[in-house]
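Undergrad: With the hints as constraints, model all of the structure from the sequences given.
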Amino acid sequence: MKNKSIIYTALALIVGMASACTNLDENAYDVIPAEKFYNNKNEVISAVLRPYTHANAWVTPSGQDGWWRLAELSADQLAWPTKGPHGEDGGKWKRLHYHSWTVDEAGINNAWTLMYAGVGYCNDPITNIESRDISAMGISQKEKDEYIAELKLLRAFHYLKLMDLFGNIPLSTSVADPINPVLPNTTSRKDVFAFIEKEIKDNINNVPKLSRAQLGRMSQASGYAMLVELYLNAEVWTGTARWDDCIAAADKLINNEGGGQSGNMALDPNISDQFKNTNDLSKEVIFSIAYDFTRAKFEPSWTGEFYHFAQRDIYGGGRNGNDGIVLIPGVYTTFETDDLRKTNWLLFGPQFKFTDPASPVQGTVEYAGKALSFVDNIQKNTKNSTVSNMSEGEENSGVRFNKYKLGNSLPGLVNGVRVEPDPNYNNTDWNVYRLTWIYFAKAEAIMRKNGGTATADAVTLINTCKQRAYTTATWPAHAYTTASLTLDELLAERGREFIFEGFRRDDLIRFGKFSNTKWWDHEISTPTRSLYPIPQRQRDFNPKLTQNPGY
Numbered sequence: 000m001k002n003k004s005i006i007y008t009a010l011a012l013i014v015g016m017a018s019a020c021t022n023l024d025e026n027a028y029d030v031i032p033a034e035k036f037y038n039n040k041n042e043v044i045s046a047v048l049r050p051y052t053h054a055n056a057w058v059t060p061s062g063q064d065g066w067w068r069l070a071e072l073s074a075d076q077l078a079w080p081t082k083g084p085h086g087e088d089g090g091k092w093k094r095l096h097y098h099s100w101t102v103d104e105a106g107i108n109n110a111w112t113l114m115y116a117g118v119g120y121c122n123d124p125i126t127n128i129e130s131r132d133i134s135a136m137g138i139s140q141k142e143k144d145e146y147i148a149e150l151k152l153l154r155a156f157h158y159l160k161l162m163d164l165f166g167n168i169p170l171s172t173s174v175a176d177p178i179n180p181v182l183p184n185t186t187s188r189k190d191v192f193a194f195i196e197k198e199i200k201d202n203i204n205n206v207p208k209l210s211r212a213q214l215g216r217m218s219q220a221s222g223y224a225m226l227v228e229l230y231l232n233a234e235v236w237t238g239t240a241r242w243d244d245c246i247a248a249a250d251k252l253i254n255n256e257g258g259g260q261s262g263n264m265a266l267d268p269n270i271s272d273q274f275k276n277t278n279d280l281s282k283e284v285i286f287s288i289a290y291d292f293t294r295a296k297f298e299p300s301w302t303g304e305f306y307h308f309a310q311r312d313i314y315g316g317g318r319n320g321n322d323g324i325v326l327i328p329g330v331y332t333t334f335e336t337d338d339l340r341k342t343n344w345l346l347f348g349p350q351f352k353f354t355d356p357a358s359p360v361q362g363t364v365e366y367a368g369k370a371l372s373f374v375d376n377i378q379k380n381t382k383n384s385t386v387s388n389m390s391e392g393e394e395n396s397g398v399r400f401n402k403y404k405l406g407n408s409l410p411g412l413v414n415g416v417r418v419e420p421d422p423n424y425n426n427t428d429w430n431v432y433r434l435t436w437i438y439f440a441k442a443e444a445i446m447r448k449n450g451g452t453a454t455a456d457a458v459t460l461i462n463t464c465k466q467r468a469y470t471t472a473t474w475p476a477h478a479y480t481t482a483s484l485t486l487d488e489l490l491a492e493r494g495r496e497f498i499f500e501g502f503r504r505d506d507l508i509r510f511g512k513f514s515n516t517k518w519w520d521h522e523i524s525t526p527t528r529s530l531y532p533i534p535q536r537q538r539d540f541n542p543k544l545t546q547n548p549g550y
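Letter by letter, the sequence shown follows residues 0 to 550 in numbering that gives the first Met the number 0.
Since the hints were made in silico from the structure, they are not lab data. All values derive from a computational prediction rather than experimental measurement. Please note: incorrect hints may appear among the correct ones.
Quick list of simulated restraints, FRET-style, between CB atoms [unchecked claim]:
1. E234 with T172: 24 to 32 Å
2. T239 with L182: 26 to 34 Å
3. N414 with N39: 49 to 57 Å
4. G549 with T342: 36 to 44 Å
5. T480 with F194: 37 to 45 Å
In silico SDA-like pairs for lysine to any residue, Cα to Cα no more than 25 Å straight-line [to be verified]:
6. K448 with T237
7. K275 with T470
8. K141 with N41
9. K296 with K141
10. K402 with S372
11. K404 with R318
12. K200 with N263
13. K379 with D355
14. K35 with N122
15. K296 with R318
16. K517 with E488
17. K512 with W100
18. K341 with K296
19. K402 with T470
20. K40 with W100
21. K141 with A247
22. K341 with N269
23. K543 with N122
24. K448 with A247
25. K35 with K200
26. K275 with L339
27. K369 with F347
28. K208 with A247
29. K402 with K543
30. K404 with G494
31. K40 with N127
Think of the CB as a built atom: it goes at the ideal place given N, C-alpha and C, for glycine as much as any other residue.
TA: So this is what it looks like as C-alpha cells:
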C-alpha cells in the first residue's frame, strides 16, 4: 500500500471513525462549540473529511440501509432470501425484491436519514469555512476555496443519489437553526437536477485534479463522472435527453483531463486490479470510499452483506458475514463459461479451506458437518424440494460475491504454492465510479443518438472493456459487432460488468425494464415503483414534503 497517508493522516484525527457512521449524533467535534473549532489546518481538514467516512454507511453495502441496498436489492440480479432460520428480518428484503414496500418502510426511512445526515456533514463545514478568515484557520485562500468547492461537489453527489431514489426532494444548503428551524419545501426532480448540474459546473475547476493526494476525495475527475451519470439518466430524470453532454463529459475522463489516482487515468489491463486490496493503485478508479485497515483501522463493511458464516475459512481471513446477499437464480448462467468474470468475481460450487485446499469448508446450519457448496438455486435441497422463492433458501443457496478481494491474513496454499499473510489485508477500497463505467456510458449515449443501433465507435468502447474478461484464444468468439451489440445486449453486458456495483436499478429503469419485467419469482409491478416513496416519518415531521405519485 503505497500512499494513502495524506487522507488517513487527517482521518486519524476523527476519534472512533470506524463506528461513527452508525451514530448520527456523533461527529469529530460534537463536544466542541463551532466557534472554538476550525482553529488550525488539521481541524479544518477533519471537518472536510467527515462526510467521507459517513458516506461509507450509505454508498456501499455497509450493513446499513442506504442507497446501495435500495439500488440493488430491488433489481434483477441480487437478493437477500430467507435461508432456513436466517434472513427473514421482518420481510424487508422480500418487500424490496417484490416491489411491495410501503411508505412506512423503516429501511427506506433509514436510507433517507443517512443520506441527509451526509448532506448536513457537508453543509456544516461549508458554512463555517466560508464565514471564517483564513488566518484564523491556518490555511491559504487557495486551500479555503478548494475545500469549499470539494464539499459542494460532495454535497451534489449526495443530492444526485437522493434524486435517483426519491425524485422530488427537499434541498438545503445551510445548517438549520435548532431553535427556529425552517422546514424546506419539496423541489421538483427537474430543479434538483439543475441545481446539481450547476453546483458541479461552478466548482469542478476549483478542486484539484485526481491524484494520490485526492484519493478517496472529490476531484475534477469525480466531478466529470457525476456529470456523466446526470446526463446518462437525464431523459428519465428530467424528460430531456442529454446524450451529447454525456459524451462530452465522458471524453474528459477518457482523455485524462481530470487526473488519475495512479498516474494517467486509463483502463486497467485486467479484471482484477480495480477490486483487489491494492486497488488504490488502479489506474481506472475515479472515486472510491477509501479504506486503510493497516494504519487507520478503517475497514470495508461489505463483508456482512455478502460473506457466509464460514467465509474466513474460504479466503484465509478473519471476517465472516451474515450469509445474506446472493445472485438471483439464473444470473450466473448469463456469464459464458470462458468469461473470466464468472470464475474470478463469483463463488460457485464446493468450497475448500485456504489453509488446506484438500479440506472442504463445512456448513454451519443445514450443512453443519457437511461440505459447503454454493448452488445456483434458492430452494430446500436437503428436503428434495423444488419450490423456489424468497422464503425457501438454505445456507448454501445462491452463487456468491467474490468481486472485491480482502487478501488473506493467514498463510495458505494457492495452486500448491505457499503464500504468506498479505500485508495489505483488509485495505480494499470500494469503487463508486471507474473508467470502465464511463466507457459504457459513452457507448450507450452514442447508440441512443443513433436510434438504438451500435456504431463502430460504440462497439470499440465496449469491446475494449470486455476483452479483458477473456483469454487471447477465446476472445475472438465473443467480440461484439455493430449487429450483435443491440441495446438489449448492452443491458446484459452492463449486468455482467457492473454486478454488485450499485447501478442495476438505474439501468433497468433507463432501459424500460424495471417495473414491467418478470425475473425469477418477481412479478411485474407498477411504474410508480421506479421511485421510492417519501418516507411517511419524514412527512409527519415536515408536512411541506409532497408524496410521490402512487403512494
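Undergrad: Each hint should be assessed against the structure and marked as holding or not.
TA: Going down the list of hints, with the structure as the test:
no., hint, in the structure
1, E234 with T172: 24 to 32 Å, "holds, 27 Å"
2, T239 with L182: 26 to 34 Å, "holds, 30 Å"
3, N414 with N39: 49 to 57 Å, "holds, 52 Å"
4, G549 with T342: 36 to 44 Å, "holds, 42 Å"
5, T480 with F194: 37 to 45 Å, "holds, 41 Å"
6, K448 with T237, "holds, 17 Å"
7, K275 with T470, "holds, 20 Å"
8, K141 with N41, "holds, 16 Å"
9, K296 with K141, "violated, 31 Å"
10, K402 with S372, "holds, 18 Å"
11, K404 with R318, "holds, 12 Å"
12, K200 with N263, "holds, 23 Å"
13, K379 with D355, "violated, 29 Å"
14, K35 with N122, "holds, 18 Å"
15, K296 with R318, "holds, 14 Å"
16, K517 with E488, "holds, 17 Å"
17, K512 with W100, "holds, 19 Å"
18, K341 with K296, "violated, 31 Å"
19, K402 with T470, "holds, 19 Å"
20, K40 with W100, "violated, 46 Å"
21, K141 with A247, "violated, 28 Å"
22, K341 with N269, "holds, 14 Å"
23, K543 with N122, "holds, 21 Å"
24, K448 with A247, "holds, 13 Å"
25, K35 with K200, "violated, 33 Å"
26, K275 with L339, "holds, 15 Å"
27, K369 with F347, "holds, 16 Å"
28, K208 with A247, "holds, 18 Å"
29, K402 with K543, "violated, 43 Å"
30, K404 with G494, "holds, 20 Å"
31, K40 with N127, "holds, 13 Å"
Violated hints for the displayed structure, listed by number in ascending order: 9, 13, 18, 20, 21, 25, 29.
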